[in-house]
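Reassemble the complex: the two chains are provided individually, in unrelated frames, and hints are given to aid placement.
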Amino acid sequence: MQCLWCHEQIMHETSWKNLLLLDGKALLCQECKSKMEVLSGKCCSRCSRITNEEVCSDCRWWEKQSVEDPLMFNHSVFNYNAFMQELIAKWKYRGDYFLGNAFKEPFVKSFRKKFTFLEKNAIAVPIPLSTKRLTERAFNQAQMLADFLPIETCAILSRKHGEKQSKKTRYERIFTKNPFAINETINNPVVLVDDIYTTGTTLRHAASLLKEHGCTRVYACTLVRG
Amino acid sequence: MRGHWHFIAIAVTISFLTISLETFWFSAGLLIWLFYLFYNERIRRLVVLVSIAFFLFFYMYIPDINNVTTAEYPKEINQISGKITGPIHASNKKVDFKFENPSNTSFMIIYFPDEKEQTSINDHSTIKHGAVCTIKGEIEVPENSRNPGQFDYQKYLLSKGIAYQVKVKSLNDINCTGSSPLNRIFTIRDNLLAHVMENISKETAAWLNALVLGDDTHLDEDIVELFQRWSLSHILAISGLHIGLVVGFVYFLLIKLNLVTKEKAQWLMILFLPVYAVIAGGEPSVWRSATMVLLFIIIRKIRLDFSVTDILSIVFLLLILVDKYIVYHVGFQLSFVVTFGLLLSRQWISQTNSALLQVFYISFVAQLMILPLQLAYFYTFQPLSIILNVLVVPYFSLFVIPFMFIMLMLSPFPIIANIFDSLFKEVHQIALHIIQLIDMSLNYPFTIGPLPILSAVLFYVLYYMFMNKLQKQKSIQAFLFGLGITVLVIGMAVRPYLSPEGRVTMLDIGQGDAFVIELPYREGVIFIDAGARFSFTDKQPNDSVYKQIIKPYLFSRGIGYVDHLFLTHEDIDHMGSAVSLVKEFDIKKVTVSPFYAFTDEMKPVLQNNWIELQQVERSDKVIIGTQTFHVLAPYKNKLSANENSLVLFTNMGGENWLFTGDIGKEEENELIKTYPNLSVDILKIAHHGSNTSTDESFINQVKPLYGLISVGRNNMFGHPAPGVTETLEGANVQILRTDINGAVQFQYKGNNGTFFKYIP
Numbered sequence: 001m002q003c004l005w006c007h008e009q010i011m012h013e014t015s016w017k018n019l020l021l022l023d024g025k026a027l028l029c030q031e032c033k034s035k036m037e038v039l040s041g042k043c044c045s046r047c048s049r050i051t052n053e054e055v056c057s058d059c060r061w062w063e064k065q066s067v068e069d070p071l072m073f074n075h076s077v078f079n080y081n082a083f084m085q086e087l088i089a090k091w092k093y094r095g096d097y098f099l100g101n102a103f104k105e106p107f108v109k110s111f112r113k114k115f116t117f118l119e120k121n122a123i124a125v126p127i128p129l130s131t132k133r134l135t136e137r138a139f140n141q142a143q144m145l146a147d148f149l150p151i152e153t154c155a156i157l158s159r160k161h162g163e164k165q166s167k168k169t170r171y172e173r174i175f176t177k178n179p180f181a182i183n184e185t186i187n188n189p190v191v192l193v194d195d196i197y198t199t200g201t202t203l204r205h206a207a208s209l210l211k212e213h214g215c216t217r218v219y220a221c222t223l224v225r226g
Numbered sequence: 001m002r003g004h005w006h007f008i009a010i011a012v013t014i015s016f017l018t019i020s021l022e023t024f025w026f027s028a029g030l031l032i033w034l035f036y037l038f039y040n041e042r043i044r045r046l047v048v049l050v051s052i053a054f055f056l057f058f059y060m061y062i063p064d065i066n067n068v069t070t071a072e073y074p075k076e077i078n079q080i081s082g083k084i085t086g087p088i089h090a091s092n093k094k095v096d097f098k099f100e101n102p103s104n105t106s107f108m109i110i111y112f113p114d115e116k117e118q119t120s121i122n123d124h125s126t127i128k129h130g131a132v133c134t135i136k137g138e139i140e141v142p143e144n145s146r147n148p149g150q151f152d153y154q155k156y157l158l159s160k161g162i163a164y165q166v167k168v169k170s171l172n173d174i175n176c177t178g179s180s181p182l183n184r185i186f187t188i189r190d191n192l193l194a195h196v197m198e199n200i201s202k203e204t205a206a207w208l209n210a211l212v213l214g215d216d217t218h219l220d221e222d223i224v225e226l227f228q229r230w231s232l233s234h235i236l237a238i239s240g241l242h243i244g245l246v247v248g249f250v251y252f253l254l255i256k257l258n259l260v261t262k263e264k265a266q267w268l269m270i271l272f273l274p275v276y277a278v279i280a281g282g283e284p285s286v287w288r289s290a291t292m293v294l295l296f297i298i299i300r301k302i303r304l305d306f307s308v309t310d311i312l313s314i315v316f317l318l319l320i321l322v323d324k325y326i327v328y329h330v331g332f333q334l335s336f337v338v339t340f341g342l343l344l345s346r347q348w349i350s351q352t353n354s355a356l357l358q359v360f361y362i363s364f365v366a367q368l369m370i371l372p373l374q375l376a377y378f379y380t381f382q383p384l385s386i387i388l389n390v391l392v393v394p395y396f397s398l399f400v401i402p403f404m405f406i407m408l409m410l411s412p413f414p415i416i417a418n419i420f421d422s423l424f425k426e427v428h429q430i431a432l433h434i435i436q437l438i439d440m441s442l443n444y445p446f447t448i449g450p451l452p453i454l455s456a457v458l459f460y461v462l463y464y465m466f467m468n469k470l471q472k473q474k475s476i477q478a479f480l481f482g483l484g485i486t487v488l489v490i491g492m493a494v495r496p497y498l499s500p501e502g503r504v505t506m507l508d509i510g511q512g513d514a515f516v517i518e519l520p521y522r523e524g525v526i527f528i529d530a531g532a533r534f535s536f537t538d539k540q541p542n543d544s545v546y547k548q549i550i551k552p553y554l555f556s557r558g559i560g561y562v563d564h565l566f567l568t569h570e571d572i573d574h575m576g577s578a579v580s581l582v583k584e585f586d587i588k589k590v591t592v593s594p595f596y597a598f599t600d601e602m603k604p605v606l607q608n609n610w611i612e613l614q615q616v617e618r619s620d621k622v623i624i625g626t627q628t629f630h631v632l633a634p635y636k637n638k639l640s641a642n643e644n645s646l647v648l649f650t651n652m653g654g655e656n657w658l659f660t661g662d663i664g665k666e667e668e669n670e671l672i673k674t675y676p677n678l679s680v681d682i683l684k685i686a687h688h689g690s691n692t693s694t695d696e697s698f699i700n701q702v703k704p705l706y707g708l709i710s711v712g713r714n715n716m717f718g719h720p721a722p723g724v725t726e727t728l729e730g731a732n733v734q735i736l737r738t739d740i741n742g743a744v745q746f747q748y749k750g751n752n753g754t755f756f757k758y759i760p
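Residue numbers (UniProt numbering), protein chains in the order written: chain A, 1 to 226; chain B, 1 to 760.
So here's chain B without its partners, still in its complex pose (with noise of 0.2 Å):
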C-alpha cells in the first residue's frame, strides 16, 4: 500500500464529489482509471480493492446537504438542553458556539451583544467548551440564500452538522456547569489573546493574534478584504508555513539550548503539535499541517518510511473520519488542493536553483491548483496574485511570521517588547502601504463567476498535461497546454459577451428595489435602482444589502463592470446601495429625473469617479446598447421624493415593460392619460404593492400579465397591501413577489422569455 496512499485519498475525494456534484461520472472515471492501471501492473490488486472499499464507505459516511429539507422546530418549544461541542467564538459583535442536545441534533447558538446591556462574556465564566447548559430562546430554522449567488447560511450551517439556530436575548439565558478538558487549551488561548491585547500597540497585537494565535477579529476590516482580493488569505489563515515556522523555531531552541536531548525534543513536539493546534484556533488548514509534521515525525520514529503524498493522504482520511463534516470547509479543500498540488510539483520547483523562481513556481503552482475552487467560491479573481504573493509570501515568512513568535515571547518584558512593536509598526505599515499602493494601481480582477463542472474538469485535464509536460522539460507541449488554459478561463470570462440570453432579476433585498438588466451579449448592465436597507435611529444606509445581494449577485454573473444606472427617486430604500456600486463597478452613467436631489455623500462620488450624468423627463429617451428606454414620468416637480420617480417603459423578451418606481394614484392616472394605448406584459408594481399605488383603473387600462412587488418579508408597513393584491387578482396578475419568491428573474432570448423564482 506504501507509496499508493493517494489512490485512497482521490477515491475519497470522488466520493465526496459523487455527492455534492450530484453525478456519477467521476466514479466512473476512478473505476476506468485503477482496472487500466491494474490491467497494465501498474497497482496491484490490493490497492484497487482497498480504493473501491474506500469510495463506496465515504460515499455512504460523507452527508449530503443538498437534498436536506429541514422541519421547523416545534414553536411550543424555547428552551434546550444539552453540550457545548464547538468552541466558543466571543467578540464584541457577535458570540457563538455549537451545541448539541442528547438526540444529537446540532444548534448554533448566537447571541448579539445589546448595546444597552453591557455584558461580556467574561461576566459568564460558565459558557465553556464542553459544558452541560440549558438555553432559552426563539428556535428558528437558519436562513437560506434568498438571491443567486447569496451566501446561504442554512446551507453553511448544515455543512457543519448544524440544523436549528437559537437566538439568544440575554447570556443570562443561557445556563452551564462544568466543562471538558479540552477547555483548558481554549481557556490558554483565551488567556493568551487577552494578555497580547493588553501588552501590545494595538496594530501589532491584531497581527499577532492573527498569525500566531489564528483569530483575525482585530484585523482592520479593509486589510482582510484586501488580502481576500489578491488570494493572500492564505497568510491569514494559520498552515503549513506557520507550523514549519513554530515547529522549527522551538525544535531548535530546545537543541540548540541543550535543554533536552534530539529523541526528547522529538516526544515533546509530538506532544506540542496538537495542543498548538488547538490554540491556533484548530482551523482544518492548522490541522492539516499540524497532522502532517506529527505523523512524519512517529513515522521517522518507528523507522517507516512514507512518501510525503502518503502521509498528505492519511492526514485527509483521518480528518474526514474526525469530522465528517469537514469535506464542506473551504479552507479545508483549499487546503488539500494547494499542498497536494505542491507535493506533486516537488521535483519540477527543484529543477531550478534560484529561490525567487522557486517561490514563483510556488505560488503559480497554489494560484492554478486552486483557480475553478476560488471561482466557485469568490467568483473573481486577481490573475496578478501570483507576482503579489511572490513578494508578500517571502515577507511574511522570513520577517512578520518568525518576529510575531519572537514578540509573543517578549510580551512579558515590556521595555523590550516596546521597542520591537515600535520597529514592526514602521516597517509592517510601509510594507501595507506598497501592497496598497499596488492594489490601486493593478487592480484588475477576472470577475468569471463559477465554473460550470464541465470547464473545471477540462481545466484540470489541461492544468495536469501542462505540468506534467512542464516537469518532462517540454516546453512547447507544456506553452501549447498552457495556452490552452488561458483560452478556456478568457472563453469563460468572454462567454456572457456571446450568447444571445438576457436577464432580468429582481433581486430580493428586503424593503426595496434593486432590478439588474443584463442585456444579451453583455452589450449593457443596467441597474434600476439599488436600494439598502437603514437603520430608523439615524436613517442610514448601511452596506449589508450591498455586501451580501448586490455585489455577491454581480460576481457570480461574472459582471465586474456596470454600465448604467437609474434611480427613479432619492430614498434609501431605493438608491442606498448606489454609493458603494458606483464606486466598486465603474458605472458610467447615471440617470436620474431633474427633480432628483443627490445627498451629500454621493455627490463627490460622481464627480470623483468621471461619471456621466443624465437628467430625463417624460418623453425623452435613453438608448443604452440597442435597448430603448421611453421615459415617460415625471413632467414636472412634485416636490415630493415618491412622486417625482422615474417611469422607464421598455420591451425585453417581446414583452413591454414599467418600471413605475413608488409613484402614487395620481401618477399613474397622469401616465394612462398621457399614453391611453399603453399597454404593459409585466408591471413593476409601484411603491412595494402600498395602497397608495396601483389603482383599479391603472391596471385594468394598461392590463398587464404579470406584477412584480419587491417587498420585504414581514415589513412594519404591511405591504403589499391587500387592497393592491386583490385588484391585481380580480384583474387576473400573476403576481410575483421577493417576500415569497426571492429574486425573480426573466431570462429572455429574442422575443421569449421565461420567469424563474429563486425560491420555488
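For reference, chain A alone in the conformation it holds in the complex (with noise of 0.2 Å):
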C-alpha cells in the first residue's frame, strides 16, 4: 500500500500500540501522518485558536455582535499549517475524492472525544455549496467529511451562488449577506460541519439561519482552524 500523498511504500511498524490488534489500513505513511498537525494545548475554547486566553479576541468580537453567538462553539481537528494546505487544495480543488479518507480517522475520533455530551438525535449539517460549484469540483468536501461522523447527516442548507470566500478579503467576508437558505426545518441539536473555520462568518451565517428556525443548539465541527 502506498502512501497517498507522497507515494512511498507505507511500512507498517510494529509496536506495544498495535502488536495485538494492528492498526486499522492507513492511508498516509508515517511520515507524512507527522506533518498534520493536530491542535493541542491552549486553544480558545469558542474557535480552537491557538491561543493562552481562554476565549480568543476574535470570539469576543463576535460575542459584543448580537445578543447571543448563534454558535456554541467550533471545534478543529488540524492547524492550518503548509501541508494541511498542500493536502486540502489538493483534495478539495484538484478533485482527488479519496484523499478525503485520510481525514476519516482522526476526523472521527477527534469527534467522538470532543462531542461525548452530545444527544443522540443530533444531527450533522454540511456547509452546501452552491448548485454551480458543485458541478465544478462533483463533490462537496463538507458533506464528505459529515458523512464519517457517527451521527445522522442531514442537508438542510443550500446556497446562493456567490464568490469564493477563499477569494475575498477578511472585512468582505464577515460583513456579506447570509448567503444560505434552510430546505427544512428541525429542532434538533446540530453540529455543522466545514472543512475550515477562518473567521466564523459562514458558520454563524449558518447558524443564525438554523437557529431562527427553530434549532435549540448549532455546534461546529471542521478539519482545520485557518
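I should point out that these hints are in silico values taken from the structure, not numbers from a laboratory. Here a beta-carbon is modelled for each residue, glycine too, at the ideal position from N, C-alpha and C. The reader is advised that the hints may include incorrect statements.
[Stated by the list, open to error] Heads up, simulated PhoX-like pairs for lysine-lysine below, C-alpha to C-alpha not over 20 Å straight-line:
id, chain 1, residue 1, chain 2, residue 2
1, A, LYS17, B, LYS469
2, B, LYS472, A, LYS114
3, B, LYS169, B, LYS94
4, B, LYS469, B, LYS93
5, A, LYS120, A, LYS132
6, B, LYS472, A, LYS33
7, A, LYS113, B, LYS169
[Claimed, not checked] So, partial list: chain B residues that the calculated Cβ filter (under 8 Å) puts toward chain A:
id, residue
8, GLY178
9, SER180
10, GLN347
11, LYS472
12, GLN473
Structure (C-alpha cells):
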C-alpha cells in the first residue's frame, strides 16, 4: 500500500500499541501523518484558535455583535499548516476525492472525544456548495466530512452562488449577506460540518439561520482552523 | 506479507511452546487471534494461511526432547567412526566437540586432561572441524538430573541433538584426517585467541577474548558469576551491541580512510559478517545480530523495504531452519525475546530525548521481557539489576568494547599496546571494584523459582498492557498494570509463605547426607547435614555438590534463606557444603552436639556471619517455628565422629521421623534402651546402610514403615550392605534410596503425606 500523498511504501511499524490488534488500514505513511498537526494545548474554547486566552479576541468581538453568538463553539481538528494547505487543496480543488478518506480516522476520533455530551438525536449539517460550485468540484468536501461522523447527516441548507470565500478579504467575508437558505426545519441539536474555519462568518450565517428556524443549539466541527 | 512477518515468527514460537510445554492452549489462542484480525479486515487471508502453514510445518519440524528415552548403546561397541560436526572447545580443564556417525547419531566427545598426561590439544592438530575420525572410548548415555532443580545434562545434550557422550581416556584415542573449509576460520579464531594471550597482559586478554572473540574461559569465575547474578551476562555474550560496534567501526574505517567506495564497503561487510560471526564464537546471539545486519544491508541494496520486526522474524526463521535444535538454546531464546521487546518499544523509547532515560528504558524493557525466562532457567533475579545495567552497559559499550577492538588492532605493536594495556587495567579495575561494591551492599535477590505457566502468561499479558498504555501515554492505566505486575511477582515470592504444604527432601548428593525440611507456611527451612564430595588425595571437600545440587534445589524452591542447620557430625560427607551454605544462605542458627569439633575453615565463617551456635545432647529440644526436634543422642563423648552423631526425632505430616546420622549398632541399642516406647514411621538408615548399623533388634523395636538410605551409586564402600537391606526387607520396611530413586521427597499437608521419587 502506497501513501496517498507521497506515494512511498507504507511501512507498518509494529509496536506495543498495535502488536495485538493492529492499526486499521493506513492511507498516509508515518512521515506524512506526522506532518498533520493536531490542535492540542491552549486553544480558544470557542473557536479552537491557538491562543493563551480562554476566549480569543475574535470570539469576544463576535459575542458583542448580537445578543447571543449563534454558534455554541467550533471544534477544529488540525492546524492549517503548509502541509494541510497542500493536502486540502489537492483534495478539494484538484478533485482528489479519495484523499479525503485520510481525514476520516482523526476527524471521527477527535469528534467522539470532543462531543461526548451530544444527544443521540443530534444531526450533522454540512455547509453546502452552490449548485454551480458543486458541478465544478463534483463533490462537497463538507458533505464528505459530515458523512464520516457517527451521527445522522441532513443536508438541509442550500447556498446562493457567490464569490469563493477564499477569494474575499476578511472585511468582505464578515460583512456579506447570509448566503444560505434552509430547506427543512428541524429542532434537534446541530453540528455544522465544514473543512475550514477561518473567520467563522460562514458557520455563523448558517448557525443563525438554523436558530431562526427552531434549532436549540448549533455547534461546529471543522477539519482545520485557518 | 511485508510488515506481517512477525505473525509467522509468533506462529513458530507457538509451535515450540506447544511442543515444549505440551499444551495446545497457545495454538488455540493463535487461531482465535488470527481469525479475529482476519474477520476485522486487519490482515489478509494470505497472512492467516501462511502463519498456520508455518505453525504446522514447524510443529512437525522442531524436535521434542521431553519424551525421548535413549537406549543404552550396545556395550560391546567401544569405537565409533564419523565426522566432527561442531567447533572444538578446548581449555586446560576440558576438550569437547560434537561428533556424528554415518547413521546421523550425534555424540559428545569429552576429554578431561590428566595431570600426568601432559598432552594438549595443540599436539593433536589433526582434530579439526569437519575431520573424519575414529574414536575409542566408552559410549554412554549422558547423566540426567537426579534432584529437583538440578541441571539436566542429558536433556541439555538432547537439546543439541546429541544422544550419547563418549569420554575419551587419551587424545591418542582420536584419529582424524581431513577438515572442512570452515575449519580455516576456526583456526583463525584459535590463532587470534592464542595471539592475544601471548601479547597482552593476562587480565586484559581475558576481557579481549571474551568481548571480541566470544571466549570467556579466561575470565575470573567470580566475575562471570557476578555478571550472571546481576543480569549483566548479555555484555559477556557477543550480541547486537558488539556487532553494531564492529560493523560501525570497520565501515567507518573503510569509508573515512578512503580505502573503498561505499558500495564496495557494503559488499565487504556482507562478506565479513558471517566470518566474524564464526570467529566470535558462533553463539546464537552472534548469529542473530550478524544476520540481521547482513539482511539490512542486502535489503537496502536491492531497494526493498522491510520493517525491523520483519527482519528479526526472518532471521528467527532462518536460524531455526539451519539448526532445528537452536530453539532450545537459552541464549537464543533470551536474545530474540529481548530484541523483539526492544523493537516493539522503539516508539516509546524515542518519546524521551534524554540519553540516560533511554538507556534506563532499554534496560527496563530488556529485564522485564526476560523475567519469566530468567526465573525458569536461573530461579532468581535482582530487581536492582535494571539500575546496575544503566551504569554498566554504557561503560562497556562506550569504553570497554571499543577499547578492546583497538587493543586487538594494536596488539602487533607491543610498545603502544603496553601503554593502552596498563591504562585499561587501571580503569577497568576501578570499574569492576565499583560493581563489586554494589554487589556487596545492594545484593537483594528475589529468589522465586520457575513461574507456573499460567503466571508466566499472566505476566506477559499484564506487561503487554503496561507497555501499551505507556506508549499511549496513559500514565494512570500504565501505573495500574505496572502495579499488577508487581503484585504478581511479589505474590509468587510469598506463595510458599501461604502454602500449608511442607516438604522433606533427601537430596541425592552421592555418598553423603543432605536433608532439607521446608516447614508449612515457610515457617522454617531446615537442613539436617549438608555433605559434599571430596577427593581422596587431599581429603578436601569440593563445592560441586553445593553448586550443582544444593543451591539449585533451594533456588528452584524459591528459597533464598535457610533458618537452621543441624550437623550430625563432622565428616565431610555430612558437613562439606556447610561453609558455602552458611555464607550464601544467611543461616541464623547451627546446631551440633557438644562433641562436635569445627574445622579451621568453619570457625571464622561462623563468627563472621553472626551465627548462633547451639550445642545439644540427649533430652534437649530444638523448636523451630511450631516444629519440635527432640534430641535423643549423644549423651557422652564416644571419641568417634560417627558414634557421636546427633540423633533427632520429630513428627512431620503425621509421621514420626528419626534422623540417625552415622550412629552404629551400639548407639541404636542405647536408643531403644533409653526410649523403650520409641516408635518410628520413617527412619533415616544410619551410615548410608553400612553393616555397622541397622541392627535387626533395633528395627524390630522401632518398626519403621520406610527406610531412607542416602547413598552414592556404585560407591566404593558397598553401601548399603546386603545384610542391612535384608534386615529391612525382612521387617517389611519400604526402602527408598538415592542411588536408585534420586532425590526422595515427602510432601505433606496436616497429617497426610506422600513420598515422591525423583527417578521413578
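query: Okay, which hints does this one fail, numbers in order?
result: Of the numbered hints given earlier, those the structure breaks are 4, 5, 7, 8, 9 and 12, listed in rising order.
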